[in-house]
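Let's have the full structure, built from the sequences with the hints guiding it.
Going line by line, the protein sequences match chains A and B. Going by our numbering, 50 is the number at position 50 of the first sequence; the sequence numbering is gapless. For our numbering, add 117 to where a residue sits in the second sequence, where the first one is 1.
Keep in mind that a hint or two might mislead.
Distance ranges between label pairs, derived from CB positions [said to hold, decoys possible]:
#1 B:SER196 with A:SER27: 36 to 44 Å
#2 B:LYS169 with A:SER58: 25 to 33 Å
#3 A:ASN52 with B:LYS228: 23 to 31 Å
Stretch by stretch, here's where chain A covers chain B in the computed footprint (C-beta under 8 Å, at least three residues) [said to hold, decoys possible]:
#4 131–139
#5 176–185
Below are the DSS-like pairs computed for lysine-lysine, each with C-alpha atoms no more than 30 Å apart in a straight line [as the list claims (entries may be wrong)]:
#6 A:LYS24 with B:LYS224
#7 B:LYS216 with A:LYS24
#8 B:LYS216 with A:LYS78
#9 B:LYS216 with A:LYS68
#10 B:LYS228 with B:LYS169
#11 B:LYS177 with A:LYS24
#12 A:LYS24 with B:LYS166
If you are wondering where the hints come from, they were derived from the structure by calculation, not from laboratory data. For glycine and all other residues, C-beta sits at the position ideal for the given N, C-alpha and C.
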Amino acid sequence: DAGVIQSPRHEVTEMGQEVTLRCKPISGHNSLFWYRQTMMRGLELLIYFNNNVPIDDSGMPEDRFSAKMPNASFSTLKIQPSEPRDSAVYFCASSSASGGKYQETQYFGPGTRLLVL
Amino acid sequence: GDSVTQMEGPVTLSEEAFLTINCTYTATGYPSLFWYVQYPGEGLQLLLKATKADDKGSNKGFEATYRKETTSFHLEKGSVQVSDSAVYFCALLLHNFNKFYFGSGTKLNVKP
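Below is the structure:
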């Protein structure tokens, strides 16, 4: 069984550039989560989709960040323009949920390590 | 507010030592509790969980008991191995409010 797939695994870019991170959830899962992990702030939930609809985006840091889920098998997280403080590991996770409620086990992808110079 | 508090790391142990990583929570309602593990360079994986008071979750020799009276979910293992070196995250799920909270993580280093 393929797990959650994220690409790229590593990204190095310069300040001001647009960055797009991609995620393919586990087939059959209807919930998708984007997290950011840094040493200073730990693991932060950025946004949560259920059935392709954003349910909770209160963790999205600012307008430079946007996330989409055009279909059940693909999501993107975009940063435009990127800044050095966006450097972090970004994780995508998926799970099964009903009625927009979290289910208990989230399956994480391997993460994208982003470095903004 | 609702939160999870873990002991700060890193925790350094010798192989075969006993492990305890403390986790306490503050929550409205009746949460489910989890331990996730993150090995170097990987994403988080569910290690174990407990869904109600007095439940014990267990997996790979790790155990944790949901203690409502002390609002705790401490992770234990009787004999750690070098391969257990990882970061461990305590988490809670508030079903009524549809909120999932992770602790800050505790890094475990096990030396041969």
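What are the numbers of the hints the structure violates, in ascending order? 3, 4, 5, 10
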